[in-house]
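Engineer: Please assemble the complex out of the two chains, which come individually in their own frames, going by the hints.
Each chain is listed here by its residues.
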Amino acid sequence: MGWIEEVVRRAERALDKPPSFGLDPGLGKLLEPVEAWGEELDALKRLGVTARRGAGGFAQTDNKIVYVGVAEAYRKLGVIIMPLREALKKIPWIEKYYWRLLPPDLDRYTAATALYEGGTFIYIPPGVKVRAPINVAYGVGLEGETQTVHNVIVVGEGAEVDLFYACGASVHGVHVGVTELYLEPRAKATYTMVHSWPKNFYLRAYTKVSMGEESRLEYYYVNISSGAGIASKPSFTMRRGARLHLDTVIRVVEGSKVYTGARVVGEGEGVRAEVLSKVLAHHGSYTLNLVEVEANADIESHSDCKALLLGDATVETVPKIVARSPKAQLSHEASIGVLSEDAIAYLESKGFSEEEAKSILVYGFIAIKPKTLPPPLARILDSMLQALARQAVG
Amino acid sequence: MPLLKLENLHVSIGGRKIIDNVSLEIESGEVHLLMGPNGAGKSTLLKAIAGVRGVEVVSGRILFEGEEITGLHAWERVRRGIVLVWQNPPGIEGVSVRELAEKISRRSGVDYRSLAEKLGVAELLDREVHRRLSGGEMRRVELFLSLLLKPKLLLVDEVDSGVDVENIARLAQVLDEVREQGVSLLIVTHSGAIASRLSRVDRLHVLYRGRLVYSGDPRGVLDKILSQGYKVFAGGC
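Chains as they are written, first to last, in this note's numbering: chain W, 87 to 480; chain S, 110 to 346.
Chain S on its own, in the form it takes in the complex (with noise of 0.2 Å):
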């Protein structure tokens, strides 16, 4: 049984079809890249799998673990182990990451602490929420906030996206271990630039205006990405 299973999924915001009956599988411990030009679509699908407010599916199903979840709040999803770590998460005013952090570790019963430590956040535990951090900061913080709840399925969004060499080497480091730790992940990258530095990607998936246009294996597929762009999918792959 596949960790994660869509089936023809369609997925809308505010009226406006962004998802155009998108069908794919992730299995327990698998490592997968959704590529895509921008406004393809990535960032919904994953707000969709997560039950982001204000992402509504249209029709299709979101299987988890055998589970229909497709009706289910996004907390609900949480507790089930699927976790979305935003791109460009808002600023929570008045709360620090230490706050926010000791309410989920309270539920999750990870260590905040010894956490904060390993992916070098004790420094900003007592700053606001995504508030007045850096984008290497911000992205840092994200990925603690989320790693806290115990996922089974790590949803990224766009890790790499603004982040220098060094510190796509360090993301891609932490991601392998949590890869390694059995946590599956679909990792959202638009250039691409985080792929070469993980030490597994087990498949590629490329939207393209809503549709999904390749599923398969990354090798061969991401360079000619890297080198030609995402016109190569224009009329289909």
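Isolated chain W, as found in the complex (with noise of 0.2 Å):
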């Protein structure tokens, strides 16, 4: 039996597998990927997202694959853009990275992505320095669907790749995203994703990052409404000399349960990992937030998980960090807080209202420095923290 049959063998039998982690809101209506070239969906126009401008794109509304891209410079030089099916017909060797870093069966969530799976296959050959992002797109108009996308990202040695995802919804629904990144050595990458989804929607997020020595991810994840729910907690395994900035940002609008965190393994001498999570919790949420550090060698690791309660919310914040290598450095802040009263009163002061001054604090609380991004991205995701902090105070 090939590994794709075994796959779909695995991921059949787990579809009654409840998941260990954050809700489980049940499988809506599955559908298979179809291509249907249009338009993409307007809430991710109005996210300012569009897969069809940078080095090359994908978009997916519902099962439906509305377009897929690269430009002609790139494609010459070997980047690979396609719906994940099509490689997987097209591109023997993709077996070597489909579902090798994440189970199929690891829960219904995962077995229904397996059996159904819409989303993209993105390869950078070694070498190759993409001087303009990648842009993915995902939307759900479709009441009551599930839709499962499985991202398999492969950037070759050398490579150099900037990857923007953004997903939004219109409807009730489930979002399934199943991302498998493999960076080989030395290759650079920043994965920028922002996610905003309306009431009664939740998201179920499974992404696990192979980090090949010396290289080097800024992944920045930036949710301005956290729906009815998520369980998201992205998982990376770094090995010798690997960096590694994480900075995430989540609004846990009310009523909301938020299961969040990250897990970062160290593997191999000089890597260095900083982990930074914010949490906006608004009144009527619940949010735990998991980070953990495991340092099998010796490596430096900072993380530092900080929430705001913008009401009566729950938050819980569950450090762990494990060093198995006596040189290991790493260390933890958590802290929990309220907007301070003397800032808003310092800020009035100053000639801003009281929502002004506010948002002006979450803005501070929030705030996200790129450290690589482009510009142009990094000017993305300015304006979605900016909008994200109006709409925590409006």
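Hints are computed from structural coordinates only; laboratory data are not their basis.
Keep in mind that this is a model prediction, so the values were computed, not measured.
One should not assume that every hint holds.
In silico SDA-like cross-links for lysine to any residue, where the CA-CA straight-line distance does not exceed 25 Å [as the list claims (entries may be wrong)]:
1. Lys-212/S - Glu-442/W
2. Lys-457/W - Arg-240/S
3. Lys-285/W - Leu-471/W
Each pair of labels, with its calculated beta carbon distance range [said to hold, decoys possible]:
4. Pro-111/S - Val-424/W: 39 to 45 Å
5. Val-424/W - Ser-137/S: 40 to 46 Å
6. Ile-122/S - Gly-397/W: 22 to 28 Å
7. Glu-402/W - Arg-216/S: 38 to 44 Å
8. Glu-185/S - Arg-465/W: 30 to 36 Å
9. Ser-426/W - Arg-188/S: 22 to 28 Å
From the three backbone atoms N, C-alpha and C, an ideal C-beta is built for every residue, glycine too.
Structural biologist: Set out below in structure tokens:
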């Protein structure tokens, strides 16, 4: 039996298996992906995102793949952006990367993804430096749908790329996003993801990243609205000399239940990881934030989990650092607080209304200072954060 | 018509009476000093004039350019030209001096870059607002942000506290220039260190246990305070 058949067999057996982390909203309508060229969802345009700019892109609305493209110059260099199902038929070596970081039978959501997966395969050949972002957009507009997408991304040895993902919905439903990201030795990537979910919408995200020796990754996640609930805890395995900078912001809206965090495993000497996690918790929301760093070698890591309570909310922050090497240097900070009355009073005395003052303070709390993100992406990210700050106090 | 008029002002914080029946007037372009021992209520009086939240005017009136502003929010007073320079401003996490200056400039129309150069804060623009700054840097940044607001009346709280002699002279020079541009100043000083370096002081007010015990010519009285302290006001003046 080939690997793809094996994946299908394992997935079929796991369709009833509940998840071990986060909410279990159940599987709604599951649809096979189809190609249907057309417009991307308005919701995505409102996020300022289109797949049609940059070095290439991919857009999927519900189960319909509405756009796939690679700029000619990069296509000639061997860059691939392709619907995953098509890639499975055309590229035999994809099996090396397909469901290798995550098991298809982890739970019913990964299983459903393996069986109905939309999503994309992105490949940057060794040494190719992609100088414009690759934009990927997913939208859900079909009531009651469970959208299942699977992103397999391979950044070859010494290659460089900036990846931008935007996901949004306009209806009740579930988005299951499975991402397997491979950074080969000395690869450099930035990975920026922006989400916005309506009330009664659930996100279950499964992200696993394999970082090769001396690779670099900047990972930014901004969630403007958490919808009904989120389960998302990306995991990173880092080999010798790899560097990770992770910065996430989640706005947990009223009534939402969010299970989040990150797991970082340092497997080789000289690994450095910085994990920053910020939660804005609205009235009546619940957040569990689990940040785990595990050192199996001489690594340096710092994590900082902060939460700002904007009402009567519950936030549990659970840091975990594990050292299995005598020279590992691991540190963790955690804080939960409210907006400072003194700071509001100060900003009011500088001419800002109470709402403007709160918005400035929230923006300061969630601010992301990108390290090497290209200016257009940094501007999008910043405008998202500004909008998020305004919505948070509006 | 005076620029600022306080009429029988009573002020409390958290139910505790701090200011007791204070009245005073400041004319346009004047420089007034407000002195008093620690805990006399000097900062509270400035905050009451600026409308800072948490500082409650229990009775009395505040008039600015003839308009009663007692019930206005702080930002509404700023838009009329009343600006408070804080002694110990709180830090604003994640917001750079530049970002805040840009926001203020958009509203006031003042070019923040040239003002930053003039006040020697250009190299501090990318630092977080009032975080990890030295005392002198913080005071310069605070004065910079306050002047960006194009004040008509600048309420300066303990600008000379903990500042070395050289920097006090520099601050006095800036405040003189501000006054020359027609801005009125009400300057709180505990030590009086800045008083001798200002080219002009029109009036001195002494606050003692929440009450105004002296309002008038600074000459003589200032020397008396500096040589004998505030105990000379213990029985009234």
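Engineer: Is 39 to 45 Å respected by the C-beta to C-beta distance linking Pro-111/S and Val-424/W?
Structural biologist: 40 Å, holds
Engineer: How does the Cβ-Cβ distance of Glu-402/W and Arg-216/S compare with 38 to 44 Å: does it lie in that range?
Structural biologist: About 41 Å separates the Cβ atoms of Glu-402/W and Arg-216/S, which means 38 to 44 Å holds.
Engineer: Is it true that Val-424/W and Ser-137/S lie within 40 to 46 Å of each other by Cβ?
Structural biologist: Distance hint for Val-424/W, Ser-137/S holds at roughly 41 Å.
Engineer: Has the hinted range 22 to 28 Å been met by the Cβ atoms of Ser-426/W and Arg-188/S?
Structural biologist: Because 23 Å falls inside the window, the suggested range holds.
Engineer: Verify the proposed pairing of Lys-212/S with Glu-442/W, using a straight-line Cα cut of 25 Å.
Structural biologist: Holds, because 10 Å separates the two Cα atoms, which is no more than 25 Å.
Engineer: Is Lys-457/W close enough to Arg-240/S, meaning Cα to Cα at most 25 Å?
Structural biologist: 21 Å, holds
Engineer: Quick one, are Lys-285/W and Leu-471/W close enough, alpha carbons at most 25 Å?
Structural biologist: Holds, because 20 Å separates the two Cα atoms, which is no more than 25 Å.
Engineer: Hint says 30 to 36 Å; check whether the CB-CB distance for Glu-185/S and Arg-465/W agrees.
Structural biologist: 33 Å Cβ-Cβ, so the 30 to 36 Å window holds.
Engineer: Between the beta carbons of Ile-122/S and Gly-397/W, is the distance compatible with 22 to 28 Å?
Structural biologist: 26 Å, holds
Hint violations for this structure: none, all hints satisfied.
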